[in-house]
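For the sequence shown, position 39 matches number 41 in the numbering used here, and the numbering has no gaps at all.
The set of hints was computed from the structure by calculation and includes no laboratory data. All C-beta atoms, glycine included, are put in the ideal place defined by N, C-alpha and C. Any given hint could be a false lead.
[Claimed, not checked] Simulated pairs of lysine-lysine, DSS-like, Cα-Cα distance not exceeding 27 Å:
#1 Lys61 with Lys95
#2 Lys20 with Lys61
#3 Lys95 with Lys20
[To be verified] Derived DEER-like restraints, expressed as beta-carbon distance ranges:
#4 Lys17 with Asp38: 14 to 22 Å
#5 Gln103 with Pro19: 27 to 35 Å
#6 Pro21 with Arg102: 12 to 20 Å
#7 Ala118 with Ala98: 16 to 24 Å
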Amino acid sequence: MTIATFADLLQEARKQPKPQRLLFVFVRAELPDFPDADQRRRFEQGEGGVLVPVVCVDKSTEELTSMAALVEESRRTEIEWDLVFTAAMDDPKDDAEVERQLQRMMESLQMGNITAYLAFDHHGNAVNVG
């Protein structure tokens, strides 16, 4: 199945034979350090920039009802974000392992390795950023 929306992701995660943990890294697009004129122009037009992780969280599929609920929860942090990158894993029932995977995911995104993850906008639409 092609995952085109956050609802598709939830549906697929709930179909898995083992309970799933969904990992989320919320990112904000920013200008790179010392941008040139072209980078600045493209960024002002809503293109380019660098993706900076601003907050991360994990959720079981039972904890999630919709993208709207996840967005509302994120608003309570008062941290602005542009996209959320998502990965799934079999629930290890070990918070330390989940934290290690979230840390790896954040480090990977900081290095620009984004193709292993699904990205969604505030509306729950999958975004192709690769």
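Now for the hints, and whether the structure bears them out:
no. : hint                          : verdict
1   : Lys61 with Lys95              : holds (12 Å)
2   : Lys20 with Lys61              : holds (15 Å)
3   : Lys95 with Lys20              : holds (11 Å)
4   : Lys17 with Asp38: 14 to 22 Å  : violated (47 Å)
5   : Gln103 with Pro19: 27 to 35 Å : violated (19 Å)
6   : Pro21 with Arg102: 12 to 20 Å : holds (18 Å)
7   : Ala118 with Ala98: 16 to 24 Å : holds (22 Å)
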